[in-house]
Each structure stands twice: as structure tokens, then as C-alpha cells.
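Heads up: the sequence lines are chains A and B, in that order.
Letter by letter, the first sequence follows residues 3 to 244 of the numbering used here.
Letter by letter, the second sequence follows residues 7 to 418 of the numbering used here.
Read the hints as simulated data drawn from the structure, not as lab findings.
Every residue gets a Cβ at the ideal spot worked out from N, C-alpha and C, and that includes glycine.
Treat the hints with care, as some may be off.
[Said to hold, decoys possible] Derived, one-sided and incomplete: chain A residues facing chain B with beta-carbon distance under 8 Å:
#	residue
1	Leu-65
2	Thr-69
3	Arg-92
4	Phe-98
5	Gln-101
6	Ala-122
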Amino acid sequence: MPDMTETRPIISCRNLSRVYRMGDQEVRALDGVDLDIHAGEFVAIMGPSGSGKSSLMNLIGALDRPTSGEMWINGKALSDMSRDELADLRNETLGFVFQQFNLLPRQDAFQNVRLPLRYARKDAGDIDARARECLELVGLGTRMDHRPMQLSGGQQQRVAIARALANRPRILLADEPTGALDTKTTDEIMHLMQDLNRQGITVVVITHESEVAQYASRQIHFRDGRIESDTAHPEFKRASGG
Amino acid sequence: MKVGLATSSAAEALFSNPLRSLLTMLGIIIGVASVMVMMSIGEGAKAQIEAQISSVGANVLTLQPGNMNRGGRNQGGGSGRPFNEADVTAVSELPFVQAATGVLSQQANAVSEDANWVSNIQGGGAGFFEVNNWKVEEGREFSAQEVQGGAAVAVLGKTAAANLFPAGGAVGQRIRVNSVPMEVIGILESKGQSGGGGMGMDRDDTVIAPLSMVRNRITGGNRWVSRHVSRIQLLVQDGYDVLEAQEEVTSMMRERRRIQPGDQDNFAVVNFADMIKQRAAAAETMSMLLAFTAAVSLIVGGVGVMNIMLVSVTERTREIGLRMAIGARGGDILLQFLFEAVVLCTLGGLIGMGIGWIGVFAYAQIAAAPMMVSPIIIATALGAAASVGLIFGFFPARRAAQLDPIQALRHD
Chain A
3 MPDMTETRPI ISCRNLSRVY RMGDQEVRAL DGVDLDIHAG EFVAIMGPSG
53 SGKSSLMNLI GALDRPTSGE MWINGKALSD MSRDELADLR NETLGFVFQQ
103 FNLLPRQDAF QNVRLPLRYA RKDAGDIDAR ARECLELVGL GTRMDHRPMQ
153 LSGGQQQRVA IARALANRPR ILLADEPTGA LDTKTTDEIM HLMQDLNRQG
203 ITVVVITHES EVAQYASRQI HFRDGRIESD TAHPEFKRAS GG
Chain B
7 MKVGLATSSA AEALFSNPLR SLLTMLGIII GVASVMVMMS IGEGAKAQIE
57 AQISSVGANV LTLQPGNMNR GGRNQGGGSG RPFNEADVTA VSELPFVQAA
107 TGVLSQQANA VSEDANWVSN IQGGGAGFFE VNNWKVEEGR EFSAQEVQGG
157 AAVAVLGKTA AANLFPAGGA VGQRIRVNSV PMEVIGILES KGQSGGGGMG
207 MDRDDTVIAP LSMVRNRITG GNRWVSRHVS RIQLLVQDGY DVLEAQEEVT
257 SMMRERRRIQ PGDQDNFAVV NFADMIKQRA AAAETMSMLL AFTAAVSLIV
307 GGVGVMNIML VSVTERTREI GLRMAIGARG GDILLQFLFE AVVLCTLGGL
357 IGMGIGWIGV FAYAQIAAAP MMVSPIIIAT ALGAAASVGL IFGFFPARRA
407 AQLDPIQALR HD
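Working from the sequences, and respecting the hints, build out all of it.
And the structure:
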């Protein structure tokens with residue numbers, strides 16, 4: 003069972019392992035990881051490539067299943083869940099932001115943001131109003147009918163963030179969200195994430211750039227599939243604004 | 007299920023690459039067009055044949071003289087020694103014969119006060135109208151006395167009446183056929199196109215008059231046979247087996263014509279309804295062949311659809327991964343691709359129906375055959391197209407639905 007400190011952690015991993023088989027070689031991407039993340043935290047997960055940070059991201063994101071160990075999201079054990087239940091979890095509780103944005107190229111910003119709302123099983127209310135609201139929140143209220151090709155990289159990532167927010171997730175998972183952006187845009191995007199975090203969304207960012215990790219209040223370093231260090235940063239960087 | 011979502015993404019995917027979609031649809035288009043033409047020809051032929059059988063009568067037998075060979079040259083149907091009135095009487099006295107008539111016919115020029123018209127002049131006995139199941143619409147038939155007395159009276163077919171008396175009011179008027187004056191006493195109801203004899207012959211284009219009068223004054227007598235008739239028609243009583251009647255009439259006529267056992271008949275007993283049924287069977291074979299073509303092209307089209315859907319799934323693996331990451335269930339993805347295949351095929355089906363329709367009308371013009379495009383045909387053609395989409399789209403759609411989200415996302 004996860005630790006019961008003051009509050010129950012929103013993400014909890016116990017002895018989590020993920021082993022990939024490459025031919026007759028076994029690669030231990032994650033090797034017995036124990037981790038708790040509490041609601042409202044802004045966590046940066048760092049480490050060189052191959053350290054296991056992306057594997058952890060895939061597991062937390064309910065996109066992959068662990069080889070062994072157990073994990074809980076929002077108090078629910080993922081190992082008991084069917085494929086459909088995992089899909090619903092991704093839809094309702096999690097929001098994804100990717101390095102390559104992953105927007106549908108033939109749909110405009112508005113339609114892209116609407117997509118998770120249309121897949122929602124529970125009543126999503128007024129889908130169009132919610133999509134508009136999310137785009138306004140990321141500062142793209144005037145570019146709703148632009149297709150991804152007509153937007154800059156920073157703007158595309160904002161659309162992706164708006165899409166991640168559509169179903170009011172409790173957790174925002176960002177995998178190298180600024181990897182394809184310049185320094186100024188990076189600052190803007192990270193500022194936006196800090197804003198969202200202040201509004202109560204738990205943010206987990208995967209990055210190999212220490213400048214990006216500066217924005218987080220907690221930094222976890224991975225090496226060879228294990229946690230190397232886990233430190234709180236009460237003096238995290240305040241974004242200059244965007 | 008997210009039906010609205012599936013349809014909109016399906017339509018979007020199709021119109022993003024219209025040329026590829028069109029080429030993929032080609033097999034379906036051809037298949038549906040042939041389904042349509044096939045069914046229309048089939049239904050049209052069926053309706054035509056049913057109408058012909060009912061107009062000829064299923065239990066009417068016609069006796070025709072056989073072909074005569076003169077100096078090794080075949081003189082054609084009916085050129086052999088004709089029957090005569092005694093034969094007609096003998097036939098009509100057979101127990102299973104309800105009515106019989108001798109017939110003499112010839113093309114002749116008919117003249118009214120207003121018009122001039124070449125028509126088929128038929129001489130018949132009093133049984134002519136009953137045997138041919140031909141009712142008088144206006145006026146009356148000629149009676150047995152008039153037949154006997156060789157009265158100069160005539161009953162007109164619809165077409166002949168319309169051409170000789172464009173203004174109407176034919177009954178009671180006089181016409182002259184090859185200069186022989188006669189009085190019009192009736193007009194027959196319409197029979198339409200001919201079934202038994204030649205294709206496309208208008209049976210209503212006729213003038214019917216008492217047999218003896220026609221022989222004496224229009225066609226003239228026969229050099230070898232007195233009181234001849236060119237054919238005998240007889241109506242077999244209801245409930246009596248027509249094939250058996252055919253055999254009995256044949257054996258009686260062999261005796262009357264003194265044909266030695268083992269020698270060939272020099273006449274024929276024909277059941278026109280039977281011949282029409284045989285022609286119907288030929289039409290059936292033709293439409294079976296077309297149905298086979300349609301099925302093959304639908305299957306080929308379906309394989310093409312499956313192929314392009316597999317390509318599409320591979321091309322859009324990342325998109326599928328993304329959709330799964332933001333909460334699409336396997337069922338949502340399955341439905342999306344299944345819809346894409348069904349929409350593709352249904353669209354192809356609609357285009358095929360358009361082309362099929364053109365084909366149907368072209369055929370109707372060229373072959374002068376009646377065509378039928380019924381709602382059932384349209385439903386069948388569209389249903390076939392949509393089913394092909396469902397069947398051949400299922401495998402690619404299931405493959406998409408079963409993709410691993412993380413592998414799909416990482417795909418490039």
C-alpha cells in the first residue's frame with residue numbers, strides 16, 4: 003500500500019520494474035522504483051537518455067504496463083484495470099503534452115482541443131464552450147481556426163496544453179515539452195505550467211535540461227533505472243512571464 | 007459508441023486524399039453498377055415474359071405446316087403442305103379441346119376514308135377470339151353464321167383502328183382491304199408486343215375477318231389443298247396436361263396426313279408459352295453471369311478497400327497512438343476505421359448506382375427492352391456496397407484498435 007503521510011499521494015509506485023526484451027538481451031529500463039507524488043506538486047524528472055525517465059512517464063501515463071510492481075493513480079491500482087478503463091483514466095484524470103506536440107494536422111486548434119472532450123464517457127457538458135475556454139486560457143483565443151501548420155512551435159505547444167486541460171485533469175504529464183522550442187518560448191510554456199500548477203493541477207515534467215527543471219519545486223534524478231536523487235527546491239525559478 | 011466522431015474523422019480522411027479514395031472505390035463502383043444493370047435487366051425481362059405468357063395463353067397450341075425441301079432448298083417455316091378446314095374440325099372435336107380455329111394471314115393494304123395503312127390481315131373462325139383470349143373492347147365479335155356465310159365484316163386491333171381512324175368512331179365505318187369492302191364491327195382490346203412469333207411485332211396492328219371470306223377474296227386458294235388454313239390454333243381445356251394434349255394432337259395429325267411410323271413429322275405443334283419460358287431461362291442465365299461479374303468485382307473492390315485501409319492504418323499509427331493517449335478506447339478506433347471503409351464503399355456504391363442508372367437507360371434504348379429500377383434494386387446495390395465495407399474494413403480496423411498505445415505513439 004502507498005504511504006499515508008498527511009494526504010494520500012496522487013501518484014504512487016511500489017517496486018516498479020519495466021524490462022524490455024531486445025532479441026535475447028534484457029534491458030531493465032526501470033529497476034524497482036518506489037515513488038510518491040502528492041497532489042499539487044510540480045515535479046521534474048531528470049536523467050540522461052536511457053535512465054528510465056521515459057519508461058516511468060509511460061507507466062504513470064497508463065500507456066504501458068509494468069513488468070512487475072504496482073502503481074496507483076488517484077488511489078486506484080492500475081494493474082486491475084482493463085484496456086478500456088485505462089483509456090478512460092487517460093481521458094479523465096491525465097493530460098498529456100509531448101515534445102512533438104502531436105496535433106492532428108488536418109484539424110484546426112479548436113477541433114484539436116475538442117477531441118478529448120468528444121472521447122469522454124462522462125457528460126462533458128458544453129464541449130465547444132469548454133474547448134474555447136481552454137484555448138483562451140493558453141492565450142490562443144484569437145487563433146482557434148488556425149491549423150497546426152499556421153502556428154509557431156510555441157503556439158502549437160499551447161494548443162497541445164489546451165487539449166491536455168480540456169477534461170479538467172488532475173495530473174498534467176509533459177514529456178520534454180520544450181525540447182523543440184527556443185529559450186524565450188520555453189520560458190513562456192513553463193510559466194504557463196506553473197500557472198496551472200498554482201490552480202491545483204499536479205504537473206510532472208520529464209526533461210534532460212536542468213534549466214527546465216529549475217521551474218519545478220521538486221527534482222528527481224534517474225540513473226540506470228533507479229532514483230539517484232530526490233530533492234525539494236523551494237527556491238524554484240519564477241518564470242519571467244509570457 | 008462515438009458515432010458522430012467516427013463519421014467526421016472518416017469523411018475527413020477520405021477527402022484528404024480524393025484521388026486515392028476514388029481509385030480505391032473503382033472496384034466497388036463497377037460492382038454496384040453491374041449489380042444494378044443485372045437486376046434491372048432481370049426484372050425487366052421477367053415482367054416482359056410474364057406479360058407475354060399471359061397474352062399468348064399458357065395452354066394454347068399452334069399447329070404449323072413443316073418446312074418443305076424443294077430441290078434441296080429449305081423453303082422456310084410453314085412452307086409445307088397447309089392444313090385445311092377438315093383438319094380444324096377434327097382438332098376441335100378432340101375431347102380436351104375447348105376451342106379451335108384455323109387462321110390465314112397476309113400483309114395487305116387497308117384503306118379507310120381518311121387513311122391508308124398496311125396491316126396484318128387474319129382470317130379466323132368463330133373460336134378465334136376465345137382461343138387467343140382476346141376481348142372486344144368496342145362493338146362485337148363476328149358470329150359463327152357470319153364465318154359460315156363469309157360475311158364482309160372486320161374486327162380491328164387497337165393499332166390498326168388508330169391508324170385507319172385517327173379521329174375514332176371506327177365501329178360501323180367501312181374499310182377496303184385489297185379493294186374488298188368490309189364493315190368494321192368491333193375493336194379489340196390491346197395485346198401489346200408479340201410474344202411467340204417475331205420479337206417486337208405489334209399484335210394490335212391487325213385486321214381480323216371471317217376465314218372463308220379472307221381466303222376467297224384476299225389471300226386466294228391453295229393449288230394443292232382446298233379450303234386451306236395456314237395454321238390451326240387450339241385452346242386446351244383447363245386442368246388438362248398441355249404436353250399430353252400436344253402428343254395427342256401430333257399423333258392424330260400424323261394419321262390424318264398419312265405419315266408412316268418412323269417418318270418425320272411434316273408439321274409442328276408449338277406451345278408458344280413454353281418457348282417464352284425457354285427464352286426466359288436464357289435471360290436467367292445471362293443475368294446469373296452478370297451477377298457473377300458483379301460479385302467478383304465487389305470482392306476485388308473489397309480487397310482493394312482492405313489493402314488501402316491497411317496502408318491508412320500504418321500511415322496513421324501515430325495519430326492512433328495520440329487518440330489513444332487522450333482517451334480513445336479500442337472500440338472508438340475500431341469504429342473510426344470501420345466507418346471509413348463503409349463510407350468509402352457506400353460513396354463508391356452511390357457513384358456506381360449513378361453509372362448503373364446510365365447503363366440501364368442506355369440498354370433500354372439500344373435493346374428496346376423494358377428496364378426496371380425498383381427501390382429493392384437500389385437498396386440491394388447500396389447494401390451490397392456497405393456490406394463489402396463492413397466485411398473488408400473489419401480486419402484493418404481491428405488491427406488499428408489493437409495497437410499498443412505507446413508503440414503507436416513512438417511510430418514514425
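Hints and how they fare:
1. Leu-65: Hint on Leu-65 of chain A: holds, closest Cβ of chain B at ~4 Å, below 8 Å.
2. Thr-69: 14 Å, violated
3. Arg-92: It holds, given that the least Cβ distance between Arg-92 of chain A and chain B is near 5 Å, below 8 Å.
4. Phe-98: 5 Å, holds
5. Gln-101: 11 Å, violated
6. Ala-122: For Ala-122 of chain A, the interface hint holds, since the closest Cβ of chain B sits about 7 Å away, which is under 8 Å.
Violated hints, listed in ascending order, are 2 and 5; each of the other numbered hints is respected by the structure.
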